[in-house]
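S.K.: Residues per chain are reported as follows:
There are 2 protein chains.
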Amino acid sequence: MKIFSPATVANVSCGFDVLGFCLESIGDEMVIRKTDEKGIRITKIEGFDLPFEAEKNVAGVSALALMEAAKPNCGFEIEIYKNIKPGSGVGSSSASAVGSVFGINELLGRPFDKTQLTNFAMKGEALASQCEHADNIAPAIFGGFTLVKSVTPLEVLQLPTPANLFAVIIHPQIEIKTSEARSILPKQIDLQKAITQWSNVGSLVHALHTSDYGLLSRSLSDVVVEPYRKQLIPHFDDLRESALKNGALGCGISGSGPSVFSLCHGRETAKNVARAIKTLFSKTDIPFEMYLSRINTEGIKVIG
Amino acid sequence: MKIFSPATVANVSCGFDVLGFCLESIGDEMVIRKTDEKGIRITKIEGFDLPFEAEKNVAGVSALALMEAAKPNCGFEIEIYKNIKPGSGVGSSSASAVGSVFGINELLGRPFDKTQLTNFAMKGEALASQCEHADNIAPAIFGGFTLVKSVTPLEVLQLPTPANLFAVIIHPQIEIKTSEARSILPKQIDLQKAITQWSNVGSLVHALHTSDYGLLSRSLSDVVVEPYRKQLIPHFDDLRESALKNGALGCGISGSGPSVFSLCHGRETAKNVARAIKTLFSKTDIPFEMYLSRINTEGIKVIG
Chain G
1 MKIFSPATVA NVSCGFDVLG FCLESIGDEM VIRKTDEKGI RITKIEGFDL PFEAEKNVAG
61 VSALALMEAA KPNCGFEIEI YKNIKPGSGV GSSSASAVGS VFGINELLGR PFDKTQLTNF
121 AMKGEALASQ CEHADNIAPA IFGGFTLVKS VTPLEVLQLP TPANLFAVII HPQIEIKTSE
181 ARSILPKQID LQKAITQWSN VGSLVHALHT SDYGLLSRSL SDVVVEPYRK QLIPHFDDLR
241 ESALKNGALG CGISGSGPSV FSLCHGRETA KNVARAIKTL FSKTDIPFEM YLSRINTEGI
301 KVIG
Chain C
1 MKIFSPATVA NVSCGFDVLG FCLESIGDEM VIRKTDEKGI RITKIEGFDL PFEAEKNVAG
61 VSALALMEAA KPNCGFEIEI YKNIKPGSGV GSSSASAVGS VFGINELLGR PFDKTQLTNF
121 AMKGEALASQ CEHADNIAPA IFGGFTLVKS VTPLEVLQLP TPANLFAVII HPQIEIKTSE
181 ARSILPKQID LQKAITQWSN VGSLVHALHT SDYGLLSRSL SDVVVEPYRK QLIPHFDDLR
241 ESALKNGALG CGISGSGPSV FSLCHGRETA KNVARAIKTL FSKTDIPFEM YLSRINTEGI
301 KVIG
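Going line by line, the protein sequences match chains G and C. Its first residue numbered 1, the first sequence is counted upward by one per residue in the UniProt record's numbering. Its first residue numbered 1, the second sequence is counted upward by one per residue in the UniProt record's numbering.
One thing to keep in mind: the hints can contain errors.
If chains are identical, the list can't say which one is meant, so a pair holds when it fits in one copy or spans any two.
Calculated pairs, DMTMM-like style, for lysine to aspartate or glutamate (alpha carbon to alpha carbon, straight line, at most 20 Å) [said to hold, decoys possible]:
id : residue 1 : residue 2
1  : Lys-193   : Asp-17
2  : Lys-193   : Glu-155
3  : Lys-193   : Glu-132
4  : Lys-44    : Glu-29
5  : Lys-123   : Glu-53
6  : Lys-301   : Asp-113
Worth flagging that the hints you see were computed from the coordinates, not collected in a lab.
The following block holds chain G by itself, in its conformation from the complex (with noise of 0.2 Å):
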């Protein structure tokens, strides 16, 4: 079974450790089948270097947390095929550690609802970010935008998609460590920079039930993690100011960076978003990939 599991968006502005969104022009593709052999094995790791033992592998992680709640009677060979580079803040390590959860789950039929494959997942999240969060691996699964409410219980809201939006991304190929981008946060925030934010995050998601674009352009702010964050990424001022100057709606830290997104009403505003970017970046010294999308709102799903 072939499975296409797609890059993501974490934070979203406003909504740091919380929200997310799922992309559909870019993900890992995973083969995986059924064994008589127990266990899993990894046998295959193509696009980038990533260890084969499945207990330090995400996917590998992810795919043994599930056959312990499962205890099948059989095993299973995962093949990666990983376009999502690591480290690049689209959630490379969420599509790796859902892709084989998802497979898995739909090989044996569905034992497992969404809340459970998120939970499955955590675990090899944890292993690449050290901590177990689901702001990433929320709307590979579920697709669309995504609320993780809370962790311990985990609860994942689906949040309703506007029928026009696009993702532009840019990855400048940097390297930020998520331990370090965790480490420049302040402990304590202001009380009045946290009310702008919740303020923030509560309309975001009335934006989105509306589909009232402006009002969503109006709330995709972050006056609590930016920052401090922005100053790891070279240029991100000048880039958001082109992208808001283009057109888009808004423009932020995608995940902990390097990647920067910019949400935009139609495919034309993001072409045009996405030109004034690369132009801008291209005259720097800093190599980078690009990337558009209509936000996804199917999240992972069988393409063979």
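Fit chain C to the given chain G structure using the hints.
M.R.: Same frame as chain G, but now just chain C:
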């Protein structure tokens, strides 16, 4: 023209400074008459002892703000029949501020929209609470649940209200000054608590849109403000426990207190909650008043 100007609940647990909802069964009444003589005259105040000079009266100040913008060729007389006790925490000053501007706007043929009326009323509110805020004014004017996305510029979002939602209010007859309730709050809060709070605000908005009473219940939590302010309200923890044990979806401080609200699914549950709270509070030596009200989706209105 006779106006019913409703009481309101601000903050709504997780939504400190931004959320509010409107009540149906308690509110002030005001009678407003066009006069040839220019200016605002308050000719009658019943219920509580409040100043008659327009410049010192909340309803007068908000009316004067409207008059300055409208510059009408007439004046207005205002009679105020107050039912909402000042300082009760259910938007007494907001009801006054809103009543006069709503009534005058009606008599002038509605030159101003609801957001403009909110702006005028905030001038009156500022007289009472020393700061311009709209979290009681907005639900009184718009009805139902509101989210004040920003004050400058003013942007109010009207959120949907699930059909079968009731509030139980208990007003312990003690005095809490808004300024005191503000001053005990810390200027800085834990980032982790802020994340919990904005997760709850997001899920509360989603719960209102989907009429998901269970999610509404799980979202009605305040980890930021309530831990400080509840000390000002005797027996708060017992009261909350009793409300939840008797089926309330949530229970929290109304505005800056001392009133406490419980939100309930259905009138029968609300009655049970009211009964339990009444029994509990009757054992204390603090006098109190109680109200049971459907959520008022209409807001302020002409009643004669």
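S.K.: Each hint should be assessed against the structure and marked as holding or not.
M.R.: Hint-by-hint comparison with the structure:
| no. | hint | in the structure |
| --- | --- | --- |
| 1 | Lys-193 / Asp-17 | both (16 Å within a copy, 12 Å between copies) |
| 2 | Lys-193 / Glu-155 | between (26 Å within a copy, 17 Å between copies) |
| 3 | Lys-193 / Glu-132 | between (26 Å within a copy, 17 Å between copies) |
| 4 | Lys-44 / Glu-29 | within (12 Å within a copy, 75 Å between copies) |
| 5 | Lys-123 / Glu-53 | within (15 Å within a copy, 67 Å between copies) |
| 6 | Lys-301 / Asp-113 | within (14 Å within a copy, 48 Å between copies) |
The structure fails none of the hints (numbered hints given earlier).
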